[in-house]
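There are 2 protein chains.
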Amino acid sequence: MVSKATLKQVAARAGVSYQTVSKVLNKQAQVSRETEKRIHEAVRELGYRPNQIARNMRAKRSFMIGYSWAQTSPNQVNHILDEFLTSMVREAEAAGYHLLPFPFREGDGLVDAYRELIDTGRVDGFVLSSVNYDDPRITFLLERKFPFVAFGRSNPELDFPYVDVDGFDGLCQVMQYLISRGHQRIAVVAWPEDSRVGNERMRGYFESMQAAGLKICSEWIERGEGTFEFGREAASRLLRLSAPDRPTAIITLNDTQAIGVLHAARSHGLEVGRDIAVIGFDDAPMSQYLFPALTTVRQPIHEAGRKCVEILVALMKGEQPSQGHTLLPPKLIIRASA
Amino acid sequence: MVSKATLKQVAARAGVSYQTVSKVLNKQAQVSRETEKRIHEAVRELGYRPNQIARNMRAKRSFMIGYSWAQTSPNQVNHILDEFLTSMVREAEAAGYHLLPFPFREGDGLVDAYRELIDTGRVDGFVLSSVNYDDPRITFLLERKFPFVAFGRSNPELDFPYVDVDGFDGLCQVMQYLISRGHQRIAVVAWPEDSRVGNERMRGYFESMQAAGLKICSEWIERGEGTFEFGREAASRLLRLSAPDRPTAIITLNDTQAIGVLHAARSHGLEVGRDIAVIGFDDAPMSQYLFPALTTVRQPIHEAGRKCVEILVALMKGEQPSQGHTLLPPKLIIRASA
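Quick note, the sequences are listed as chains A and B, same order. Here the first sequence is numbered in my numbering, starting from 1 and rising by one per residue. Here the second sequence is numbered in my numbering, starting from 1001 and rising by one per residue.
The hints are simulated quantities; they were obtained by calculation from the structure and are not laboratory data. Don't take every hint at face value.
Stated by the list, open to error - Partial pick of chain A residues on the chain B-facing surface, computed with a CB cut under 8 Å:
id, residue
1, Gln30
2, Gln76
3, Val77
4, His79
5, Leu100
6, Cys172
7, Thr227
8, Phe228
9, Ala293
By construction, the Cβ of each residue, glycine as well, lies at the ideal position given by its N, Cα and C atoms.
Construct the complete structure from the given sequences, taking the supplied hints into account.
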C-alpha cells in the first residue's frame, strides 16, 4: 500500500486551513473560485483520497439517495428501468452522491423500509417510483420533513416535489393525430380508475373528444389491467360492436395492451394500419419490430431521472429548488399501425 | 424526536458487555445462540437503532456491494436488469448489505470507477456484469485481492469466483429438440468471435451437430451484432441459399435477432413453425406475443443474482465459498415458432 496524503498536507499545499479543505470537499462552503481550484489541484497533486466513511461521519451525511421500485411481473418488462436508473446514477455521481436501491415491500411494510433507512442514517433523501393516489410514503416523508422527489403525482391536495411525464399531453397528441386523419369513433383500452397515471392520460382523451365535438359511446371505454390478455379481450369486444358503433381507431395506455389489440385485429381478419388504426403508449423497444410497427408515445425517461436527482440534491442541501413541480412532454412516434 | 436507546442500555439489559453487543450487531462475533437472542430482544424492547454510519466507521466496513452494468442502446431492452437487480437487492438486504450502483465507464476509465470506490472505502465487494475475455476489472481486482463475484466467465486461465448461465447446455437443448424433430440443416445467427458468452453457446451448436453426425455448411454460420437488423439480413442470406443447402431451422443467440429472422421469413413468404423453424435465446417478455410465439431459452436470472450475492457475502466475511464456480442450467421454452 502506498502511504496516503493527509488532509493537513493538502491544506498546507493549498495555503488554506484544514477546515476550509474539509468544507470544500464536502461541498459545504462557498470560497472563491481560485481557492477552490487551488484546493482541487493540491488534492490531485498529492493523490489525496478522503475516506468516505470518515467523511460522512463528520458530515453526518451518507451522500446516498434511496430508491425502490415495484418489480414487474415475469411476463412483463420494465423497459424504462435501465434508462431511468442509469440517468439517476450518473446525475447523482456528478453531484457527489450514490444511489441506494432497496427492496420494494408491498402493503403495510411499504413505509417501514423508508423509515428504517432514515433511522439508521443510511440515506439523505429518496426518489419515489410507482407513485399513486394516497401514497403512504408521501404523507410519511412530508411529516418527517425528509427530502424526497416523486417520479409521478399523487392526490392534488398534497404538495410535494415531483417530476412527471405529461400523460395528458401525450394523449392529446395521439387524439389530435387521429382526428386530423378523419377518425371519429375512437376507443380506449384503459386502466382501472384508481390509477393516477391512467386518469391523467384519459383526461387527454375525454377533453380531445369534447373539443372536437365528438360523441363518446360508453362501450368505447374498456378498463382493465395493462396486459396483453386484457388488450386482446377488450379489442375483441370492441371489434364485435355493430357497424355504426364499431371504432375505427383503438388507443391503449401501454404498448403491451396494444400488442393484444394487434392480435385481436388479426383474428378478426383486419389489417392494422389500413382497416383499423392502433396506437400504444411507452415506445417499448420491441414496438418498432411488431407487424405492423407500432405508433406509440415515447416518454423522456432519461430527462426524468436526471431531473429527479437534480431537484433532490438541491433539497438535500437545504435549497429551495426552482422547479419543484416538473412536467415533461412526451412525443408521438408515428409508425405503420396508425 | 424520541430520545433513543444507547448501546450501553442494550448491553445492560442483555447482561453482556458493550463490546459483545457491538460485535453481535456487526455480525463479527460468535456467541451462544442464547446470548444472541437476549441481545436481539433487548434491541427490540428498547427500540435501539444503531447509527449505520458510526457502525460502519467502527467496523471499517461500508456494508455496500458495488454494481455497474453497460446500458443497452435505446432500441434494445435489458429485460433481465429488473429481475437481476431485484434478486441481488433482496439477497443483499437479508445479509445486512446494500447495493451501490455506479455508472459504467467505457474504455480506459472502466477500472478507475472500481479503484475509486475501493480507495474511498465506499464498498466491501463487487458483482461484475458484462464480463468478457481479457476483462481488465478481473485482473485489477485479483491483484488488489478485493472481493468480487463475476456474473459470467472470462479467460480460462483466470481463476476467480463466478456465477454463469450454462449457454453450452442451452444450445444443446435447442439442438436436441430440433434434431429429434428431424432437422438436419440447421443454421445459426451468432455473435462475433470475441464474445465469451457467444462462443460458449456456439460450442453447444458445434458439438451437437458433430454428435448427431451432421455436416455443417460454412454458410450456415452468420456472425454479427445481436440486433434485429442483423437477424433480418442474415436470415435473408440463409433463405436465398439454393434448395439443397437452405436451412430448415434457424437458431439465434438472442431474441432480438430471432425477431429479425421472423420478419425475413415472412418477406420470403414462409410460414414460421410450418415452413421453417426459428428458435431464439433469452425468453424476452415480448417473445410470447410474437407471430408466431417464439420458442426460446429462458435463463434463471433470479437464481443467478441471488447466488452472486450469496457467494460475495461469504468472500467479504473472509470465508471460502463452497461453490465459487456456479453454472446454472437454462430451460428451453417450446412455443409455436419451432
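Cross-check of the supplied hints:
1. Given hint, A/Gln30 at the interface with chain B, is violated; its Cβ is 24 Å from that chain's nearest Cβ, farther than 8 Å.
2. Look at A/Gln76: its Cβ gets to within about 6 Å of chain B, closer than 8 Å, so that hint holds up.
3. Annotation: A/Val77 was flagged as interfacial toward chain B, and the flag holds, the nearest CB pair being 4 Å apart, inside 8 Å.
4. Restraint check, A/His79 versus chain B: the minimum CB separation of about 5 Å is within 8 Å; hint holds.
5. With a least beta-carbon distance of about 5 Å to chain B, the hint placing A/Leu100 at the interface is held under the 8 Å criterion.
6. Because the closest C-beta pair between A/Cys172 and chain B is about 25 Å apart, greater than 8 Å, the hint is violated.
7. For A/Thr227, the shortest C-beta to C-beta distance to chain B is roughly 10 Å, which exceeds 8 Å, and the interface hint is violated.
8. The beta carbon of A/Phe228 is positioned within 8 Å of a beta carbon in chain B (closest approach about 5 Å), and the interface hint is therefore held.
9. Violation of the interface hint for A/Ala293 is found here, the shortest Cβ-Cβ separation to chain B being roughly 10 Å, above the 8 Å cut-off.
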